[in-house]
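For what it's worth, the working numbering labels the leading residue of the sequence shown as 864, then goes sequentially.
Everything labelled a hint here was simulated from the structure, so no lab data went into it.
Take the hints with a grain of salt, since some may be wrong.
[Stated by the list, open to error] When the alpha-carbon atoms are kept at most 27 Å apart in a straight line, the in silico DSS-like pairs for lysine-lysine are as follows:
1) K1132 - K1154
2) K1087 - K1041
3) K1153 - K1268
4) K1346 - K1316
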Amino acid sequence: MRKSFIIAAALSLSAIGSSWACTNFLAGKNATVDGSTLISYAADSYSLYGVLYRYPAAVHAPGTMRPVYEWDTGKYLGEIPEAPETYSVIGNMNEHQLAIGETTWGGRPELVDTTGLIDYGSLIYIALQRCKTAREAIQLMTSLVAEYGYYSSGESFSIADPNEVWIMELIGKGPGNKGAVWVAARIPDDCVSGHANQARITQINFEDKENWMYSPDVISFARKQGYFKGKDKDFSFSDTYNPMDFSSLWVCEARVWSFFRQVNAEMDKYITYIKGETKERMPLWIKPDKKVSAQDFKNYMRDQYEGTELDITQGIGAGPFNSKMRHTPLSFELEGETYWFARPTATQQTGFSFVAQMRSWLPNPVGGILWFGVDDAATNLYVPMYCGITEVPMCFKEGNGSLVKYSSTSAFWTYNAVANFAYSRYGDMLKDIRKQQKAWEDYFNVLVPAIDKAVEGMDDAAARNILTHFSCEQAEQSTAAWKKLGEYLLVKYMDGVIKKEADGKFVTNEAGIAEEIIRPGYPEEYLRIIAPTEKKEVKLAK
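Based on the provided sequences and hints, a complete structural model is requested.
This is the structure in structure tokens:
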């Protein structure tokens, strides 16, 4: 791409670079194999330490105030009146099976209001503590920013309960101009959707009051600002408040496209859109060719564009051993041109990610499961955390380590140790990791129905005790297993060679010394690249 063309991408990339570049996928209840609603979320940031947040339920005395801190930086923004009663929250799901995720798209920089009191992260966790349904959450979130002002830039939110799944897109009105312009669309029950750091709602169905909500000035404010001059029927929220550029396609929309193409074969055709060659935008939602499961969603979160021309594990950038690592930033300049790496859903800078599964036919404490994982989704495990649990496993707990303090009992550091070692010989080690992933998640998928059945008919307190014990035990046991996996990989791949195995054990002689050490060297295609830089054998002078 020409440098002059890429400069236009700065608007979107400034938001992505300074905030969290995240990915969300969504599914309505009739699009899933069991009738659950699903949303997924990857919280991606090089400054985010992956933990499982917990907010206990509480009753607050009249006059109690709630401090508001910006989620990204911890900056104190002010305080608002606390609700008389707040619900318990585990991660991004509350005890009523309400779940919320987000992706940042930034949008028009002049619309950021640094005098606002509520940032996007606070909106999520305040709503989770105060609301029971997706509709309630949308109403509360928009009323909060109207009353106190919106501190952040443009955001897309995934908001779901056991019956409905919504996307809401919201952006402020500029310094000192309290409130936000926004639109929310309910995903049809038989469809899936996604968003990844680019506003995706275009035309608004103003006639369908049941499935669409929006701020009264969503169009009039755009006209006032000079962003839009056409007819109301032609108004597009995304094109107005987050105009598309190359980075929007290659860095953001591509992740949604890769998800869409895995659930609907017709979506492959949008590769030309992703490359900026055609203008037809992808639909906001699509019907999957077959119904999807929570396990499918975990696998979609592990996507690295395999099988497409964007495959991050292929090409010279992947090195000789198919590494997915592309060292930040995502773009670089060379001889007046700007080049871009592909940015997959599964990425090394993920702090935590989840698949939220909400099941309407079960009591709330057992019906909601936050399949939770830390670090790169390609090499993690998604562990079942029931929304009714009353404690967080030590391995996921806040305060157990940090980005600058290693903890041997922290899941985040354990999974990072495995992933970062694997990046050095990714093509081989990923196969070993995927075996363990499948074994553990198959195991979880067998255990969960049994736990569902075990708490059937129990009173609330007894059920929560069992769910808490189960969730914590699985988290701790699987983290311990991942530590063992890291030790196994170190033994097997130490010093660039591979120890041969047979019947699940390394091949040794009678003295226990490793035999059949494999020295695989470099692939031929890579040798052809490096050969000109190495010394070619010559006949010795006589």
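Below or equal to 27 Å on CA atoms is what counts here, so check K1346 against K1316.
-> At roughly 31 Å apart (the allowed maximum being 27 Å), K1316 and K1346 break the hint.
Are the Cα positions of K1087 and K1041 separated by 27 Å at most?
-> Roughly 16 Å between the alpha carbons, so the hint for K1087 and K1041 holds.
Are K1153 and K1268 close enough, with their CA atoms no more than 27 Å apart?
-> Not satisfied, since the Cα-Cα distance of roughly 45 Å exceeds 27 Å.
Take the C-alpha atoms of K1132 and K1154, compute the straight-line distance between them, and say whether it is at most 27 Å.
-> 21 Å, holds
Of the numbered hints stated above, those contradicted by the structure are hints 3, 4, listed in ascending order.
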